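Novice: The task is simple: from the sequences and hints, build the whole structure.
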Amino acid sequence: MRAARTARLAVLLAGVAALAPGGRAGAGPAPACPECLRAGAASVALRVPAGTPLGGYGALARRLLVPDVLGRHPHAFWFKPAAGARDAPRARAVVLELPSRRLVWVSVDLVAVDRDFTHEVARRLSRSAARPATLILSASHTHSGPGAFIGSRLMGWLALDRFDAEVRDALVESVAAAVRQADVAARPALVGAAAVTAPPLTRGRLGRELDPEIVVVKLTTPDGAPIALLWNYAIHGTALGPKNLRLSGDVMGVASAELERRFGAPVLFVNGAVGDVSPAGHGEAAAARIGRALADAVQAGWERARAAPAASIEIARRRVALPSPWLSLRNCTGRWMPRFVTAPLGSAFPADADLTAVALGDVAWITVPGELQAALGLAIKREGRDLFAQTFIAGLSNDYLGYFVAPADYDRPAYVTCATLYGPKAGECLASTAAELLYQLRGRDRPLTRLPGPCDFTPNAR
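For the sequence shown, the numbering used here gives the first residue as 11, with consecutive numbering after it.
Derived from the structure by calculation, the hints contain no laboratory data.
All clues given are correct.
Taking CB as the label site, the calculated pair distances span:
| # | residue 1 | residue 2 | range |
| --- | --- | --- | --- |
| 1 | Gly61 | Gly453 | 47 to 55 angstroms |
| 2 | Ser322 | Gly274 | 25 to 33 angstroms |
| 3 | Tyr425 | Arg256 | 23 to 31 angstroms |
| 4 | Lys253 | Leu168 | 14 to 22 angstroms |
| 5 | Glu294 | Asp466 | 46 to 54 angstroms |
| 6 | Arg197 | Arg57 | 22 to 30 angstroms |
| 7 | Ala98 | Arg302 | 15 to 23 angstroms |
| 8 | Ser322 | Val351 | 45 to 53 angstroms |
| 9 | Leu458 | Glu313 | 35 to 43 angstroms |
| 10 | Pro84 | Trp167 | 14 to 22 angstroms |
| 11 | Leu168 | Asp421 | 19 to 27 angstroms |
| 12 | Leu164 | Phe467 | 20 to 28 angstroms |
| 13 | Ala295 | Ala418 | 33 to 41 angstroms |
| 14 | Val194 | Tyr425 | 40 to 48 angstroms |
These numbers were taken from a predicted model, which means no experiment stands behind them.
Glycine included, C-beta positions come from ideal geometry on N, C-alpha and C.
Specialist: Given below as structure tokens:
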């Protein structure tokens, strides 16, 4: 406790010194503070080899008429190569460190990342001289980012194209470069967070309640200069449809690029519980309009947030065993199909899920390796309000296991439930585990409240 008070006092004194008569922002380095939070950030354009296809849609508009068995395209097989860039997809990194803890968080303009991609980034970073860190790698979920970087043949055929080692290596190196640059930029930092309500920019796929909240995390120097901005919101990166063949970060990329222009600092977008959330408009004009509206809302959140010292970074992790994945043909085709008709997926998807919870000051977040339904995300956030000023879901982080819906919605034939691969109970299981981890961050036992208890996938379990 004495060390924490010392850290807070040192940061406050640094801020006062910067604003004292004769002092000014940027006049020189802040006084050394070994116990203070340090933060650095960087924004790097992804290096995408020429001829790389886009990843995200399996539609005919994106596919080659005949697979490229003759090798005409260097990195595309099932899908057409990208036709240039509408806006350059990016990797944006922030490094947060205290003497006892180090966190690396990267937001990357990809439709998803799998655990092999995440592990390769971790291996690449471990070769540097940087201290070990907890890594969070969050895909923005743009459907117009590069493809061909995930090893799964099923995912490749469906939406990402055949795995290409050169493409993955280029993307992994881009992510690692962003982290290395963020490391170099690290300096004493203050942190703040605020929530604002977004305009009506989304629509629901299942007719359920959506989450209009944008959570903004603000990182500044002690004298108030922006270090980084992180914003969390649930929206599918599908404003640009499958006919678009140009690389783009979609609406999230539009908003982040505009915010980087305004603040002169890296801006990380982290998607939320996005499973049943789509943009309310489509096309290039809609993408520009929604992106600007989001940028305005996020800026309002930045202005509302009050940055202060943070004396701790708390991290809790849990691996959850899941049932064997399968495809419900009834959910994919219609109610006429008997419920028992399923297609086992065997080892095509992992048999477990990793969740990571982090608390930085009075803001906390929980990673989910896929697309959680908004209703489940809202349930987690309701429990989080008893513990933290702000709580949010970091979806599509560190791995991709498809969709997770509430049990009440699982039997509704729809694209969302078709892509729910672990049955009706897995989403509720992950939501319950997420809530338990939030309580663990506070050193408290979770009461029996809104969500069920431990995961149980036995046939007769409730």
